[in-house]
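Trainee: Residue-level listing of the chains:
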Amino acid sequence: MSTSTAPAPEQTRRRRPQSEGRRRAVRRAWLTYLLLIALAIIYIFPFLVQVATSFKTEPEAAQNPLGIIPQNWTVAAYIGLFANSDFPQWGMNSFIVTLFVTLGRVFFNSLAGYALARIPFRGRGLVFALLVAVMAVPGVVLLIPKFLVINQLGIYDSYAGMILPLLADAAGVFIMKNFFESIPASVEEQARIDGAGTFRTFWSVVLPMARPAVMTIVILSFQGSWNELNHFIISTQSPDLTTLTKGVAQLASGALSQGTQYPLKLAAAALMTVPVAIVFFIFQKRIMNASAGAVKE
Amino acid sequence: MPSTPAAAPKATGTTSPRRGNIRGRQGLAGWLFIAPVVVILGLFLVVPVLMAAWVSMSDWTGRGSPFSGNVSFVGAENYAGILGGEGLIGRDFGTAIRNNLYYVLLVVPLQTALSLFLAVMVNRQILRGRGVFRTAFYFPSVTSSVAITVLWLFLFSATGVVNKVLSFFAIEGPNWFQDPRGVLYILLGLVGLDQAPDALQTPGFLGITGWDWLAGPSVAMSAFILMAVFTTSGTFMLLFIAALQNISGEVQEAAMMDGTTGWQRFWNVTLPMLRPTLFTVLTLGLIGTWQVFDQIYTGTQGGPAKTTLTPAYLSFNAAFVDQQWGVGAAIAFVLFAIIVVLTLLQRWALQERDVPRRRRMVPAGVSAGSSAAGATGTAARKNEERGSSR
Numbered sequence: 001m002s003t004s005t006a007p008a009p010e011q012t013r014r015r016r017p018q019s020e021g022r023r024r025a026v027r028r029a030w031l032t033y034l035l036l037i038a039l040a041i042i043y044i045f046p047f048l049v050q051v052a053t054s055f056k057t058e059p060e061a062a063q064n065p066l067g068i069i070p071q072n073w074t075v076a077a078y079i080g081l082f083a084n085s086d087f088p089q090w091g092m093n094s095f096i097v098t099l100f101v102t103l104g105r106v107f108f109n110s111l112a113g114y115a116l117a118r119i120p121f122r123g124r125g126l127v128f129a130l131l132v133a134v135m136a137v138p139g140v141v142l143l144i145p146k147f148l149v150i151n152q153l154g155i156y157d158s159y160a161g162m163i164l165p166l167l168a169d170a171a172g173v174f175i176m177k178n179f180f181e182s183i184p185a186s187v188e189e190q191a192r193i194d195g196a197g198t199f200r201t202f203w204s205v206v207l208p209m210a211r212p213a214v215m216t217i218v219i220l221s222f223q224g225s226w227n228e229l230n231h232f233i234i235s236t237q238s239p240d241l242t243t244l245t246k247g248v249a250q251l252a253s254g255a256l257s258q259g260t261q262y263p264l265k266l267a268a269a270a271l272m273t274v275p276v277a278i279v280f281f282i283f284q285k286r287i288m289n290a291s292a293g294a295v296k297e
Numbered sequence: 001m002p003s004t005p006a007a008a009p010k011a012t013g014t015t016s017p018r019r020g021n022i023r024g025r026q027g028l029a030g031w032l033f034i035a036p037v038v039v040i041l042g043l044f045l046v047v048p049v050l051m052a053a054w055v056s057m058s059d060w061t062g063r064g065s066p067f068s069g070n071v072s073f074v075g076a077e078n079y080a081g082i083l084g085g086e087g088l089i090g091r092d093f094g095t096a097i098r099n100n101l102y103y104v105l106l107v108v109p110l111q112t113a114l115s116l117f118l119a120v121m122v123n124r125q126i127l128r129g130r131g132v133f134r135t136a137f138y139f140p141s142v143t144s145s146v147a148i149t150v151l152w153l154f155l156f157s158a159t160g161v162v163n164k165v166l167s168f169f170a171i172e173g174p175n176w177f178q179d180p181r182g183v184l185y186i187l188l189g190l191v192g193l194d195q196a197p198d199a200l201q202t203p204g205f206l207g208i209t210g211w212d213w214l215a216g217p218s219v220a221m222s223a224f225i226l227m228a229v230f231t232t233s234g235t236f237m238l239l240f241i242a243a244l245q246n247i248s249g250e251v252q253e254a255a256m257m258d259g260t261t262g263w264q265r266f267w268n269v270t271l272p273m274l275r276p277t278l279f280t281v282l283t284l285g286l287i288g289t290w291q292v293f294d295q296i297y298t299g300t301q302g303g304p305a306k307t308t309l310t311p312a313y314l315s316f317n318a319a320f321v322d323q324q325w326g327v328g329a330a331i332a333f334v335l336f337a338i339i340v341v342l343t344l345l346q347r348w349a350l351q352e353r354d355v356p357r358r359r360r361m362v363p364a365g366v367s368a369g370s371s372a373a374g375a376t377g378t379a380a381r382k383n384e385e386r387g388s389s390r
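So the protein sequences, as listed, match chains L and U.
The first sequence lines up with residues 1 to 297 when you count with the UniProt record's numbering.
The second sequence lines up with residues 1 to 390 when you count with the UniProt record's numbering.
Keep in mind that the hints were calculated from the coordinates and are not lab data.
Among the clues, some could well be false.
To be verified - Chain L residues, not near chain U, derived (Cβ > 10 Å throughout):
1. T57
2. W73
3. L99
4. S158
5. A168
6. M209
To be verified - Here chain L is said to cover these stretches of chain U; the calculated rule only asks that three of the stretch's residues, wherever they fall, bring their Cβ under 8 Å from a Cβ of chain L:
7. 82-96
8. 135-147
9. 166-178
10. 219-231
11. 298-309
12. 321-334
Unchecked claim - From the structure, some residues in chain U lie toward chain L, with a derived Cβ separation under 7 Å:
13. Q26
14. G27
15. A29
16. G30
17. M121
18. V150
19. L151
20. F154
21. L155
22. G160
23. V161
24. F316
25. A337
26. I338
Using N, Cα and C, we set each Cβ at its ideal position, and we do this for glycine too.
Chain U extracted, bound-state conformation:
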């Protein structure tokens, strides 16, 4: 953007008599340059969304054009069908939301924590062979989701690598991708609680019983959760490394002079400075984890017992397999709404906490996240004080 004001006066200044002409020619060139991208994005992004909005309120069955005469407007019927929690599609949607919710709740914190941990470890100045470690952790991120899923199906098969390793510790692993039991069920079963209390037996929100809401991710879904953490931590690690390298060593040194422990430095100096990156990683994680599709298509097709069904896969399945295009499109829009609302909610939540914390920290004189110079300054001053007191 900084070039804009510089370029504009030059163009007009040098050729002032023919200003209008040049301006017009430049305008034309600008539009010609940007036209291909605008046309393609418009044609395959904006127009499709409008068409899908119509289909989501119609009873189109996939035959002929969705705009032909024998397709009729059904209003919010498709949306009501999904959100009402009744009938097969309502219960399937509820199940898919439940499955994906556990996926998000586990994957987002785990991948964020792990990638931050890896970044901090790999970024150590004394460490040799940093490049090798970085490559190792990043490599899973470049492979396709299909190839990784195929590999995962083998690793977590009944006779696979994971169960073999578990058997060394005398643990008999489950048949991961065939096991629909919820993880919390299994834990509750261990303490003898294997019957749902009556209160949790009746269908509740989105047609799913309270007991099912509480079941936790199934064993099969847990394997997918581990896979997501495995494949995304490398990408996010790179984001954190880039941010860590922007924190000057001086701040760390200054904090070190103050006699802080490594742990204190991490919590009070490093982490506040990583706040913007942390925010990016959480947002990207949240957006990405609500879109689970490739793994399910390749691996389980929603099974066992629908415990790996996700809204994205359900939407695809409703349209392309069951030919209920209106329902499929409606699910896609609801999913879109969920992602937008949650992203805004998260942005709001993180900002709210941000303000009081800064206010609290600045008067205290300890390195207040945002200004590196300030932190160095206070630390240096403290050092001087200590020196003079000697």
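Isolated chain L (complex conformation):
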């Protein structure tokens, strides 16, 4: 191909593949949509079935599991949950534990994160290394060990035993540490010059600036402690201290059931999902960013 070739044929040759390519792109876009919609239905449909089934009678749930609109609406499952089971008590316990764990984590994580990010002290590197090591220990292998200590401390089967071990969370400390490092140090200097002590500087100057990170901790702690199961299995035994996760798990494995009782079980599962679902839809954007940045758990 020589440089003297007229530009005209070149242009036409270029345009044709472009328009064809375009058509192909449009077709591909449609295919993408169809595929994604099909996948989205697969992901969401089970939850629609869950809610629908909780309003069905037991025979209908077995006969017509796919129907999203119940033929005979009934709230029998919900009445059964609230009148004939400890469901309200479970909900109350989950709420209490979640509240204290979330508050405690916000406070302790931000204190520790601030110390790691901003306060030079002897042994800081060691503490940091230990936190990293601790994060690597898989939770499930700690079931028996945790029970041993809780038992030894005499806090087995109490709120203290349910709440205290959940208060420390190394991942949260890292989130706070990273955020505090991103705040310019000049802000604190100003407060120091004005004569504020370390805690004062932290509490009234730095912490208010860390609201986004604090919200991330709140959301992650809320989700984590509301959905926690195995810690409550090993730290409590009395029915008065049963949480939603433990109660519903026992319900599912047939503790109080005759027959399949699918509407009742699905109603319980749906109700326990409501709080996390609400938090998820309110803070959607932040949750998705937080999870992407600092892996859920």
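On the provided structure of chain L, position chain U as indicated by the hints.
Mentor: Coordinates of chain U only, in the frame set by chain L:
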């Protein structure tokens, strides 16, 4: 960390006469700030592990304190009991390892591939309603494992949704959570092979026969495998999306100018750049899938015929139900060792492959994963060459 050097000289610089004092006060403040977390982690993580190490080498039965006089040291007896493959607990442990191994082998690749696929699809620039799709795929990840398991028990029950859908295609679905048959058994049965050859009948590694090792996950376990893929793909999708958004559009454009197809771009440009995220997802997947507990506790308690028994559940059961605390603790430590070894092994395997590939690609001049600028540069240069040749 960058703040450390900046903060330190300032503290000492401004108040040089009282340097020691301020340093000491800061040190105290630092320790006070970090104390709650250190105490709680120490008390509920470090101390427990030490106590469990002792219990795993004792014959404690759960009564009284494990440190009292009538608990005796039994050495490696508990470990030998589990790993020897003899007796009930040995065979149960072998079965649990076998079950969980199939779970890991299927869940990790499936969830990684699916989440990567979802991320690439959702991340398309032309796509409208990306947020809606992202929400739909992520939603299962926020629900608790208990709620999802309850839902799954219904979906996969004999008269459940899945079997109903299968019946539209004239397939009679199994009674999923009651079916202990191995998936490979069923496949082999289809071609008429339903008797184990003699060589595979004798108990082998961990007391499990070769035929049982080869059986594949049971139908019940397969339902749990699908559940794991369903609930985790959303979380990992977010990790991939975050990584994809860091790949500049220019690299893609440059590759496009080079006349690559979408498929080539994905394999030669996108995937190498996603390598660190891929590594994270595989590692997290590997660690997570060896810890199956909640689903089994809620759903099947190890049944049918022990085909959903996992080491984590077995450890719990041995201690809290059978009161064999030493055995339970020993299983937990073996599980911990498995997870650590496999993670290190995987890290090593992925790094080994990483080096030659880069070396191979850089001289070739094609976009070599790591440097986006380099790729754009070469692509742009090629473009110029082509232009000048005209």
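Trainee: Each of the hints needs a verdict: does it hold here or not?
Mentor: Evaluation of the provided hints:
1. T57: Its Cβ never comes within 10 Å of chain U, the nearest being 14 Å, so this holds.
2. W73: Check passes; 19 Å lies beyond 10 Å.
3. L99: The claim stands: L99/L keeps its Cβ more than 10 Å from every Cβ of chain U (closest is about 17 Å).
4. S158: Fine: 15 Å to the nearest Cβ keeps S158/L off the interface.
5. A168: Non-interface label on A168/L violated, nearest chain U Cβ at 4 Å vs cutoff 10 Å.
6. M209: Holds: least Cβ distance 14 Å, greater than 10 Å.
7. 82-96: violated (count 0)
8. 135-147: n = 13 at 8 Å, threshold three: holds.
9. 166-178: violated (count 0)
10. 219-231: violated (count 1)
11. 298-309: Three-residue rule met by the segment 298-309 of chain U, so holds; n is 3.
12. 321-334: With 5 residues in contact (Cβ-Cβ under 8 Å with chain L), the coverage given for the segment 321-334 of chain U holds.
13. Q26: holds, 6 Å
14. G27: At 4 Å from the nearest chain L Cβ, G27/U passes the 7 Å test, so the hint holds.
15. A29: Check passed: Cβ of A29/U comes within 4 Å of chain L, closer than 7 Å.
16. G30: holds, 3 Å
17. M121: Constraint on M121/U satisfied, holds at 6 Å.
18. V150: Holds, because the Cβ-Cβ distance from V150/U to chain L comes to roughly 4 Å (cut-off 7 Å).
19. L151: With a closest approach of 5 Å, the L151/U hint holds.
20. F154: Given a least distance of 5 Å, the restraint on F154/U holds.
21. L155: holds, 6 Å
22. G160: Given a least distance of 5 Å, the restraint on G160/U holds.
23. V161: holds, 5 Å
24. F316: holds, 6 Å
25. A337: Cβ of A337/U sits 10 Å from chain L, so the hint is violated.
26. I338: violated, 10 Å
The structure shown violates the earlier hints numbered 5, 7, 9, 10, 25, 26.
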